[in-house]
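Protein chains in written order, with UniProt numbering: chain A, 1 to 346; chain B, 1 to 468.
Treat the hints loosely; a few may be bogus.
Said to hold, decoys possible - DSS-like cross-link-like pairs, simulated, lysine-lysine; straight-line CA separation at most 27 Å: (1) B/Lys-250 to A/Lys-307; (2) A/Lys-9 to B/Lys-224; (3) B/Lys-398 to B/Lys-353; (4) A/Lys-307 to B/Lys-63; (5) B/Lys-343 to A/Lys-138; (6) B/Lys-89 to B/Lys-143; (7) A/Lys-25 to B/Lys-225; (8) A/Lys-16 to B/Lys-398.
In short, the hints are calculated from the structure, not lab data.
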Amino acid sequence: SSDTLATLKTESETLKTKLEEERAKLHDVELHQVAEKTEALGQFVMKTRRTLKGHGNKVLCLDWCKDKRRIVSSSQDGKVIVWDAFTTNKEHAVTMPCTWVMACAYAPSGCAVACGGLDNKCSVYPLSLDKNENLAAKKKSVAMHTNYLSACCFTNSDMQILTSSGDGTCALWDVESGQMLQSFHGHAADVLCLDLAPSETGNTFVSGGCDKKSCVWDMRTGQCVQSFETHESDINSVRYYPSGDAFASGSDDATCRLYDLRADREVAIYSKESIIFGASSVDFSLSGRLLFGGYNDYTINVWDVLKGTRVSILFGHENRVSTLRVSPDGTAFCSGSWDHTLRIWA
Amino acid sequence: MTINTLSQDGVQRQQMPCLTKMERMIISMQDPDMGIKLRNQRLLITVIPHAMTGLDIVEWLIKKCSISDEEALHVGQLFVKYGYIYPLKEPRNLILKADDSSYRFQTPYYWMSTRWPASELDYAIYLAKKNIRKQGELIEYEKECYNALHKRINHTWDFVVMQAREQLRASKQRRKGDRIVLECQEQAYWLVNRPPPGTQDSIDHGPERRTTNTRVQLNAEFYKKEIEHNRISLARNRVKSSICLESYVKYCEQYQPHDPIMQGCLPSNPWITDDIMFWNMNSETVALPTKLRVERWSFSFMELLNDQMGRKEFLTYLEKEFSAENLCFWQACEDVRHGETAKIPEKVDEVYKQFLAPGASRWVNIDSKTMEKTLEGLKRPHRFVLDDAQMHIYFLMKKDSYPRYLKSELYKNLLARAIVPQETKKSVFPFMRRQRHSSPSPALATQTAEDDGKAKYSNSNSGTASRL
Chain A
1 SSDTLATLKT ESETLKTKLE EERAKLHDVE LHQVAEKTEA LGQFVMKTRR TLKGHGNKVL
61 CLDWCKDKRR IVSSSQDGKV IVWDAFTTNK EHAVTMPCTW VMACAYAPSG CAVACGGLDN
121 KCSVYPLSLD KNENLAAKKK SVAMHTNYLS ACCFTNSDMQ ILTSSGDGTC ALWDVESGQM
181 LQSFHGHAAD VLCLDLAPSE TGNTFVSGGC DKKSCVWDMR TGQCVQSFET HESDINSVRY
241 YPSGDAFASG SDDATCRLYD LRADREVAIY SKESIIFGAS SVDFSLSGRL LFGGYNDYTI
301 NVWDVLKGTR VSILFGHENR VSTLRVSPDG TAFCSGSWDH TLRIWA
Chain B
1 MTINTLSQDG VQRQQMPCLT KMERMIISMQ DPDMGIKLRN QRLLITVIPH AMTGLDIVEW
61 LIKKCSISDE EALHVGQLFV KYGYIYPLKE PRNLILKADD SSYRFQTPYY WMSTRWPASE
121 LDYAIYLAKK NIRKQGELIE YEKECYNALH KRINHTWDFV VMQAREQLRA SKQRRKGDRI
181 VLECQEQAYW LVNRPPPGTQ DSIDHGPERR TTNTRVQLNA EFYKKEIEHN RISLARNRVK
241 SSICLESYVK YCEQYQPHDP IMQGCLPSNP WITDDIMFWN MNSETVALPT KLRVERWSFS
301 FMELLNDQMG RKEFLTYLEK EFSAENLCFW QACEDVRHGE TAKIPEKVDE VYKQFLAPGA
361 SRWVNIDSKT MEKTLEGLKR PHRFVLDDAQ MHIYFLMKKD SYPRYLKSEL YKNLLARAIV
421 PQETKKSVFP FMRRQRHSSP SPALATQTAE DDGKAKYSNS NSGTASRL
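This is chain B alone, in the form it adopts within the complex:
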């Protein structure tokens, strides 16, 4: 039997490394020593060689991959779906059963990696053979396909019928056992490649990748750029793995109590108990925050700023220290960086007037070098013109005000008063499920903010406009 090793469509084939992996495992399964023990299987009055049971397959997978029987059944099922193993007794049912049902390995000739996509001509010949053998009594969908093909490739129909007759004649000369095996193999191939309506199409792979139109031009310019990039990368400063990896261990440890999937959350996980207290207690406008939330502000400056409430508290602290303009400046810079392009010049101008101009009402203390560079850049304002100044103020707050805030009475007080919620257990009586309440849609903000023409931010308070 010849195996077609020519790549039918090299590009598509690349997308399926799963086939290579499946084939490797299929070959392992057939190993004379370590593989599945094959035996003869009686099919009516014929004996089919090299068969195995579904249970054999599952048990082999459990042992080989050290997995549970559920997973082994699932993996085995994929081999049947992709046509590497086919059932003997109920060929149309491409399902793996972990019992004494019989299965056989598909011949490599019909593997998906060798004969894909299935050719229309081959399908026509197959249906023609069936049609002849069954004297016109094809199954409904096969009849439809047959007629459709007849129309579509009418010009080669003589060839199709001739091939069909020739193949039927050749198969009559084989031993009955061989003939049945070949028929099973061929049938299995077509069940996978031309699935009957209503069954899942395992060869559906989604839209094509790497199409020939608009391919990236791998020209001299591309490679020159790549070379430049690699040269720069070579010279890069790297940190020892031990230091980097240690930081993950620390990070995971620090955040574990805050990870609801890892450690649960109090009072309860809304998705599990249907109780939304957890969300209510952690909302932006709650009166008193939870302890975990306030603790988290101490993990990093970014954590404090990312929480709207944390930011407000920090602003209050800065006001006491007469350095609130730093945070306001930083926020204004964010607004420029992430806002509408058209509004940049006017926003930058506002920032200059309020924070940078000599005698400005909220003048920020930036070093002379950065100030000079920024003022020069303001002559031609663009999105990133305030970046240096913003970074300077950010690090100033991070290194100075932030650590002092964490030591302040304001913070310590809040932490002491912060709530540790009581645990709500899932309802013992499943039929007394809590009602799942809806919440006001954030889209309600569209109505109010649209008139103001405000740019919308990730941390903005979208308001709690009441639903009608």
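Bound-form chain A, shown alone:
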């Protein structure tokens, strides 16, 4: 009955308020205060070092290969391209049978890529160097959701894939059999992003969604172990701080925020009056000192994670920056945009 539903909803809201009160109790200092003694960052110069041209439409997602120089990118017109970003050569290209390929990932071995989007699936394509071979022929259909695929990533091997979807769930899949190993329910709306924790025990991941919530999940049990609800709009991107003790999120509310998992609360907000448009994609530099945010106003803002200040703004893209990732060895980061290009910055 609607009475019970309303009561349950109120009870949940009350508990949430209590939770925020509890979380506030141990918050004895702000991050920028602790960082007062840290040396300020000097003049910051980063330039576009490579421009990857070849997509005929909006670039939606990108991922680096572990070899530190190859990249896979996907776009609105269904094309998935593998580049050697260093030489800017295109090495492989696949045309998906759907448009808006919003997710793509490079396998840890470098021998395959995964992608998906409006087809509601995640497919794995083994990469072949035989120029005559049609990559689509060996395609493996792995994940099946009931709405669009928003993100995907391989776990520590080529054999498992983690996905998030517009159907409000995340799931873990066995690549070989296509079997679902675990599903994750708890978001109240579309899940837009996810990131694997770099922890010793390697068992958790974080997701963010249209319900303004970010959730940390236990991969073995499917349980949500922690959740945070301080953003004022959709969360487009989540990324762990390199130590694994915290994660950052970028949202349509034009802010990026940092959440500490041990303190169990939001510990920093990265915002500025002149930044009006949503952050679509975030990533940390190797040491975690810098947070790079790609925004829907075509710019990239660079934040001093510790001091909370904006260190630099990078212009160059001619449309939304939709995806941004730092390279595996931290020498550069790559941004993908609705202007059809990818740029390497260093």
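Following the hints, complete the assembly by docking chain B onto the known chain A.
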């Protein structure tokens, strides 16, 4: 003028908090005291009130937000793109110029948050008015749209023409200045909402979110689960912020020399100098590692294990200590956890035979409680059945062997011999750019490993098969 406050499509509107923020700033810009000083602008023989220059806008933004002129121009440009400010002299060119070009604020009636998505009917009426006024001489793309609309909503066309005539008659009764202003406003609205071909579509927002099909069911079960989750969260153990935050300062400090974007890297950053020495010197199979790399192994046990070379060195050390089986066991458990589901039972069996069975050749020393639990679990092997045992051995290595390895001659020796590369500077002569060499694709491993049917891992040496 009535402002349509009805939410046309509540769901989509939620996606655009940027509009709320832009509108807040637009209102600030129009503040009588702190806003931009507006003045009359002469347009041919008419005087248009409440106009401002592009420079006014940029300067106001610089002052209000404490930003550079480049950023201020960029922010101002967005207001023009989204139709909150429109140019007077060249209305079709939705660009902000930081000079004395004239601009006006768009009336809230035409704000994107109030009138979006633009209605087809309204567009038809607008084009019909233009068509009448210009006696059929519409611009090419407008002509095409007009004809297409005529076909599509033919059944209401009489209404469209009637409305167009009525609006034209009403506008003739206005003062010339007002009439021109209204025409500019309307034109600006349509330039944003029906951009001419070739111009960027600022209202393109990508695929819809929160669609009605396959929505998450916010039923009793959902809320009960949420309540349970919140109850558990309340009881959670938390750490004081000061302790947590201090750890970031330490982490950033420790890793700063290793962060190429923060502090550069030696010999040079390949992306900047086109020289790949840095990658060659840090490859998995290099003869002698760099000092920074070996130092990093001392930051945490995970850093040591994540580096293939570090792992090899550690194994060598463990062999000397006759405890190599620990690392091998740990690796085998990883293989089970991250491998193919179908191969789990056979892999678990192998692990049991090699490491856990009484009298096993590489027997690992696990406490009796964990061993008992593991052996019980082996009766029904699943992906995580070895987790407890693996964790026990992991922490054993971390607390015992790892610290001793760092103090060992093996490690200290390697650290002493490790290389500190010489810096290569970027070529002084830009036309003498270094050739960018390609590298063997990791996909080459597919050929060899496919036959072995090996599962591929993040740290596996993909080999350096030579390219043909």
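Hints versus structure:
1. B/Lys-250 to A/Lys-307: 14 Å, holds
2. A/Lys-9 to B/Lys-224: Roughly 9 Å between the alpha carbons, so the hint for A/Lys-9 and B/Lys-224 holds.
3. B/Lys-398 to B/Lys-353: 25 Å, holds
4. A/Lys-307 to B/Lys-63: Satisfied, since the Cα-Cα distance of roughly 23 Å is no more than 27 Å.
5. B/Lys-343 to A/Lys-138: Holds: B/Lys-343 and A/Lys-138 sit about 21 Å apart, inside 27 Å.
6. B/Lys-89 to B/Lys-143: It holds: about 23 Å lies between the C-alpha atoms, which stays within 27 Å.
7. A/Lys-25 to B/Lys-225: With a Cα-Cα distance of about 25 Å, the restraint between A/Lys-25 and B/Lys-225 holds, given a limit of 27 Å.
8. A/Lys-16 to B/Lys-398: 38 Å, violated
The structure fails to meet hint 8 from the earlier list, while all remaining hints are met.
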